[in-house]
Each structure stands twice: as structure tokens, then as C-alpha cells.
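The hints should help you fit chain B onto chain A, whose structure is shown.
These are the residues of each chain, in order.
There are 2 protein chains.
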Amino acid sequence: MLELKVELGERSYPIYIGAGCLAMAECFASHIKGRKVMIVTNETVSPLYEAQLRKSLAGFEVDCVVLPDGEAYKNWDSLSQIFDALLESAHSRQTTIVALGGGVVGDMAGFAAASYQRGVDFLQVPTTVLSQVDSSVGGKTAINHPLGKNMIGAFYQPKAVVIDTLSLQTLPEREVSAGIAEIIKYGLIRDVSFFEWLEENVERLVDLDQEALVYAIETSCACKAEVVEADELEGGVRAHLNLGHTFGHAIEAFCGYGRWLHGEAVSAGMMMAAELSYLRGDLTKSEVERIEKLLVRAKLPVKGPVDMQPDDYHRLMKLDKKVLDGRVRFVLLKTIGQAVVTDQYLPADLDSVLRQAASLPS
Amino acid sequence: MLELKVELGERSYPIYIGAGCLAMAECFASHIKGRKVMIVTNETVSPLYEAQLRKSLAGFEVDCVVLPDGEAYKNWDSLSQIFDALLESAHSRQTTIVALGGGVVGDMAGFAAASYQRGVDFLQVPTTVLSQVDSSVGGKTAINHPLGKNMIGAFYQPKAVVIDTLSLQTLPEREVSAGIAEIIKYGLIRDVSFFEWLEENVERLVDLDQEALVYAIETSCACKAEVVEADELEGGVRAHLNLGHTFGHAIEAFCGYGRWLHGEAVSAGMMMAAELSYLRGDLTKSEVERIEKLLVRAKLPVKGPVDMQPDDYHRLMKLDKKVLDGRVRFVLLKTIGQAVVTDQYLPADLDSVLRQAASLPS
Numbered sequence: 076m077l078e079l080k081v082e083l084g085e086r087s088y089p090i091y092i093g094a095g096c097l098a099m100a101e102c103f104a105s106h107i108k109g110r111k112v113m114i115v116t117n118e119t120v121s122p123l124y125e126a127q128l129r130k131s132l133a134g135f136e137v138d139c140v141v142l143p144d145g146e147a148y149k150n151w152d153s154l155s156q157i158f159d160a161l162l163e164s165a166h167s168r169q170t171t172i173v174a175l176g177g178g179v180v181g182d183m184a185g186f187a188a189a190s191y192q193r194g195v196d197f198l199q200v201p202t203t204v205l206s207q208v209d210s211s212v213g214g215k216t217a218i219n220h221p222l223g224k225n226m227i228g229a230f231y232q233p234k235a236v237v238i239d240t241l242s243l244q245t246l247p248e249r250e251v252s253a254g255i256a257e258i259i260k261y262g263l264i265r266d267v268s269f270f271e272w273l274e275e276n277v278e279r280l281v282d283l284d285q286e287a288l289v290y291a292i293e294t295s296c297a298c299k300a301e302v303v304e305a306d307e308l309e310g311g312v313r314a315h316l317n318l319g320h321t322f323g324h325a326i327e328a329f330c331g332y333g334r335w336l337h338g339e340a341v342s343a344g345m346m347m348a349a350e351l352s353y354l355r356g357d358l359t360k361s362e363v364e365r366i367e368k369l370l371v372r373a374k375l376p377v378k379g380p381v382d383m384q385p386d387d388y389h390r391l392m393k394l395d396k397k398v399l400d401g402r403v404r405f406v407l408l409k410t411i412g413q414a415v416v417t418d419q420y421l422p423a424d425l426d427s428v429l430r431q432a433a434s435l436p437s
Numbered sequence: 076m077l078e079l080k081v082e083l084g085e086r087s088y089p090i091y092i093g094a095g096c097l098a099m100a101e102c103f104a105s106h107i108k109g110r111k112v113m114i115v116t117n118e119t120v121s122p123l124y125e126a127q128l129r130k131s132l133a134g135f136e137v138d139c140v141v142l143p144d145g146e147a148y149k150n151w152d153s154l155s156q157i158f159d160a161l162l163e164s165a166h167s168r169q170t171t172i173v174a175l176g177g178g179v180v181g182d183m184a185g186f187a188a189a190s191y192q193r194g195v196d197f198l199q200v201p202t203t204v205l206s207q208v209d210s211s212v213g214g215k216t217a218i219n220h221p222l223g224k225n226m227i228g229a230f231y232q233p234k235a236v237v238i239d240t241l242s243l244q245t246l247p248e249r250e251v252s253a254g255i256a257e258i259i260k261y262g263l264i265r266d267v268s269f270f271e272w273l274e275e276n277v278e279r280l281v282d283l284d285q286e287a288l289v290y291a292i293e294t295s296c297a298c299k300a301e302v303v304e305a306d307e308l309e310g311g312v313r314a315h316l317n318l319g320h321t322f323g324h325a326i327e328a329f330c331g332y333g334r335w336l337h338g339e340a341v342s343a344g345m346m347m348a349a350e351l352s353y354l355r356g357d358l359t360k361s362e363v364e365r366i367e368k369l370l371v372r373a374k375l376p377v378k379g380p381v382d383m384q385p386d387d388y389h390r391l392m393k394l395d396k397k398v399l400d401g402r403v404r405f406v407l408l409k410t411i412g413q414a415v416v417t418d419q420y421l422p423a424d425l426d427s428v429l430r431q432a433a434s435l436p437s
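Same order as they appear, the protein sequences are chains A and B.
Read in order, the letters of the first sequence are residues 76 to 437 in our numbering.
Read in order, the letters of the second sequence are residues 76 to 437 in our numbering.
Bound-form chain A, shown alone (with noise of 0.2 angstroms):
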């Protein structure tokens, strides 16, 4: 098992990488300060490690609030149920939440924690790929609003985060490639050599490779770690981690969130990041190209949804967080491994990358 600490001052956590973790108790109990806990996860996961966890969390008095699966429950009438667990089971301040599933459980349990009573502690069990290298360091919790995505919530930072590989064995496939679309991120914003890396063993991550996910989480985990900890509120540089992200959020606002997974909706932003960069001069064509192969070798979309247009993008990609004031900005590349936030680029260049994601003729 490893251990890897995002310092954040008094808010700095440790995060246990390895296959088996949830069956260590140690990575439990001396994060927990109350008797209480609360356990949040969804009907997909709660059969297949809640037991599991139960029995690390031996000693404690443990309750259960069990959501329904799916980013089209990231809402409050969700958010609402953990309230009334808490408060039904009478919680105080001195509770432990428990988040056990992926990034959906993880916003949800987080935002609760951050909110219930002004605050109570939280711990991450992230069960997928995409909250294991994405949700585990940051602190972003949030819920969507009807008009947008992760429109409401806090940066709240969890007590500790344990991060089982084995627990990806049950993960479908393509919930599988949607988190390597992150991982692939990392390597595009910061680190070319990571970038080489995962153009050797994009493969051994597909299939589940336990000695390759250990080593790509990790890396992804250190990576966006350091960004964090150079900015915890998103003032400058950590907006590098939205490559891809202002386009995506659009497509899943644009198919009701569920259609399109969130790394798949990310996967296609970022080929869209990747041509938009190419079209400002920055990017080569041949590094667009190298993109373009990792992701659909990581099985992977590079084209938004078909019937999606060029003005769907416009009216979406308004509600972005990272609007300025009315003027969209991107997170483009200025190279493989290097990132810039930006609102300068031809509106006609947009249009044509809007084009293409549409397949619509040039």
C-alpha cells in the first residue's frame, strides 16, 4: 500500500493507493474522532463493498444512506436524503460521512459533509477510476443545478481518501475508459513523459492491469495534488485541470447527464482543446494526431454527440464557471505537457472545432 499526503496546512490528507486497501481497518479509525459514522453510496456499489466496509469500520456505530446510481441523481432531492439520515439517526457535529462509490457519491457525500451543520468530517472511498485519479484531490464537492453543472457546493477537503484498485474489477468497461480520459489529462497538461508512458501502456490500463493502475493513479494523484496545493481555490493554475471540461460540461448538460459519461464528455473536449490549440497555433497537427490515437486506443470519443450543434455548444458553454464576466475562456494546450488559460482565439476558429465535434462539412 502506498501513501501519498496532498499538503494543504491544516487541511493536508493522506491518500492510500493499493489493491485491498478497504479491507484495512488502520486506514479507517484513525481518521474517525466520533463513535458515528455514516456511510453514503448508491444501490450499484452498496452490494458489493458496503459488507466490506462495514467490517473495517468495526467499532463504530455505522448507519447507511443508500442513493440511487447516476449523475441524474447529483441533484438535491438526493443531497436532501443524507440530510435526513443524518438527522433522523441524530448525528452531531462529531460525525465521520463515509463516501463509498464514485465521483457521483463522492460530490454528494462531500457537499453533505461540508454543509451538514457548517461542517463534519468526511472520508473518500472512491470506487471508480475517474474519482480515484479526479475526486480524490481537490476538494470540489458539489450537486447540479437544472440550468448547470456543479453549480452548487464547497471546496471541502476529506480527513483521508482510500483508494482500492481491486474495487475497478467490477467496474464496466466504459466507466473504465472515462476515467483513463482523466488520466490522459494529466499527462497533457503537465507531464510529456507520463503522456510517453501511457502511449506504452494505455492497454495494461483497459485491462485492468493491477501494477499499471497502481502506478497511473498514483502519478495522476501527485499530479493534480501539486496543482492543488499551488492553488486551493482555483485562482490561477488550477483551472489547468478543466482541459476539455468547458466543452464537456456542455455536451452533458446538452444529453441530460447519463447519456454521455463525464470522461467521455471530457475525451471529446479535450480533442476539441487539442484542434481549437492547433487552429491558435500552438499545438503541431502531428501532436494532435498523437491525441486523437491514445484516446480511441483508450476506446474513448473524439466527437461530440452527433446531434449536437454548433449552437447548442454557444448556448451551454454561457453558463461555464470559468465565463469572465460574459467571454468564454478555454484551457488550451500550448504543447503535449503544457497547459494555458486563455480567451484569446478567433471566433471563426471555434466555430470550425464546433464543427467538427458536430461532423459537420468545414
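Hints in this document: simulated from the structure, not taken from any laboratory.
Backbone N, C-alpha and C define an ideal beta-carbon position, used for all residues, glycine too.
Incorrect hints may appear among the rest.
From the structure, some residues in chain A lie toward chain B, with a derived Cβ separation under 8 angstroms [claimed, not checked]:
1. L162
2. Y191
3. Q192
4. K215
5. A217
6. L222
7. G223
8. M226
9. K393
Frame of chain A, contents of chain B only:
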């Protein structure tokens, strides 16, 4: 106009206090970073002060959401109206939310600011005595849950607070008194000489003498600022600010929020805390009588609702945030001007206090 600084490192902010502040554009402009502002107010305050505030915000793009008035509306539905308004008018992370109204408006607008896009800027214009001396310092924001008051919220500091004592002239007498309850609280928990000043001057506050108001509000805010500066996240001494609140919250929950004003419930609660402190052997009988006399002169209740029984208190207090793993702790008084947090009291003494509050024979 006075300026009081709340010192919280990079979260420090000024409180402007004076007659006519609301008309001073300079109190606002330097604290607004973007072009857009969302005023959050209610249907009672809007017709009285919204136009004046808009004048002070000339030059900004100003939207406004008007909520129903009352503690009964401090819930998710109202919060949701704020999010809807922000998203429908495409407010970005650069927006500033301005709360214009009492504690309910401030708590909701503050929590909306804390959680909209994971945090946007927030200015407070409190228009009641209670909110001027209470919510203007401390960064507590929240909404109620059917099972408990202020159960969902955040610690979130405003960028500035603008207190216009003239705005109290439109406040119902009952609400003026309710606010004075919190002013008296500051004397009780840490400042015996302020308590003595109140024994000399309480009628001037009831009569809205502007000079007395500015002095009492400034003294209260400064007192609360000292406490909050020492303990921003309520780990220790800050709990003293909850004198009377454990009993008071039970009263408010019992009455369904609205029948009793918060300050009225706190007044009865402080009297109960004083009685329990006396039975514990700390306060003298004569101190208890001085407290009762001052509260009565401020036109405040010194007993609980006639229809509320000791069992109702027990049941509802179990849900209080100060319950530490099941045991109810109270803020009590060692003497006038000195508070203590403790769970060391005889159950029989608590029963006796609750029977007295319910006007039952002891």
C-alpha cells in the same frame, strides 16, 4: 460613520456603522470586483430600502431576488430561488451577492454565496437589530431543516457589512426588543460594564435613540469580533455566543419557526441558563434577578411558551448541534460577564428549570 475591522487574516473585512450608511456608495463599490450584483431581499424590506440600495450601486448591473418574509421560509425552496435567479441571469463566479434584510435573508444569501459555484463574494446590509449585532460578525450562514434549525450551512465571511441604524426606524417594536436580547447576551457572557451600561440605558435602545444604538451595536459587534477572531470555526470560546440558544432553538423548533422571534426564544433561554447557573451554585439569586429585570425592561419574555412541556425541551434539545455524542452541553454563567460551556449539571436541576419555564409547580 464608524468602521470596525473584523480581523480574520485573508478573510478580514470592515463593518461600517452609522445613521445613513445605506446611501453611501463608497461603502459598497470598493468591495465589488465584477460588474454584476444580485441583491437578495424580502417582500417586506424591498419596498422600504431596495431603491436606496440600488442608488448606492449605480454603475453595476443589478439583479434582485425578493423572497417571502419570515423564518418559516429559511429553507431549501427559498435558497433554490436565489440559485435560479443567479443562473437565469447568467451570473458568473465574479458576481457579488448583497443581502438586504434581517438574519433570515442574511443567512440564506450567505449560504447561497458560499455554495453558488462553490463560492462568490458577499456583502451584508442587515436591517434589524438582531442581524446587525449577530449575523454581521461570524460568517455563519444556514438554512433550516424540518428536524432542526440551521442544520445545513457554511462558515463563510462577507467582504463587508454596512449597518445603517436609520433602517431600524421601520422595524416593529417586537423585533427591536428581540434584537436587544442578543445585545444583553454580550454583556452577560463577557462584559459586565456593558451589562451595567445596559441597566442604565436599555429604554434608550427600545426607543431607538440613534446615539445609544450606534454605541450598543458597535460594542456588540466588537465583542463578537473578539470572540470570532479567537475561534473562527467554533472549536472553543465561540460557543459562549450560544448562551440561551440551546433552550431557545428548542422553543423555536417547537413553535414551528415564526410564532416566537429568535431573540425572544433566546431571551427565555438565557433566563433558563441563568436559573440553571444559579442551581449549579455559580450565579447568585440577586444576579438572576438583575438579568430578569433587564430582560423585562427590554420587553422580552422570561419564560417559555405556555404550551411547551419539559419533555418537549428534552426531545428537541437532543438535536442541538452542541450535543456531543448524545449528552446535552449548555452555555452557563459563572457570573455576569463570564460564561462557561459544561455538561456538569444535575438532571434534577435541569428538570426544575424546565418546569419553571413551563410555569409548572416545581
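Quiz prompt | Indices of hints not satisfied (ascending) | solution = none
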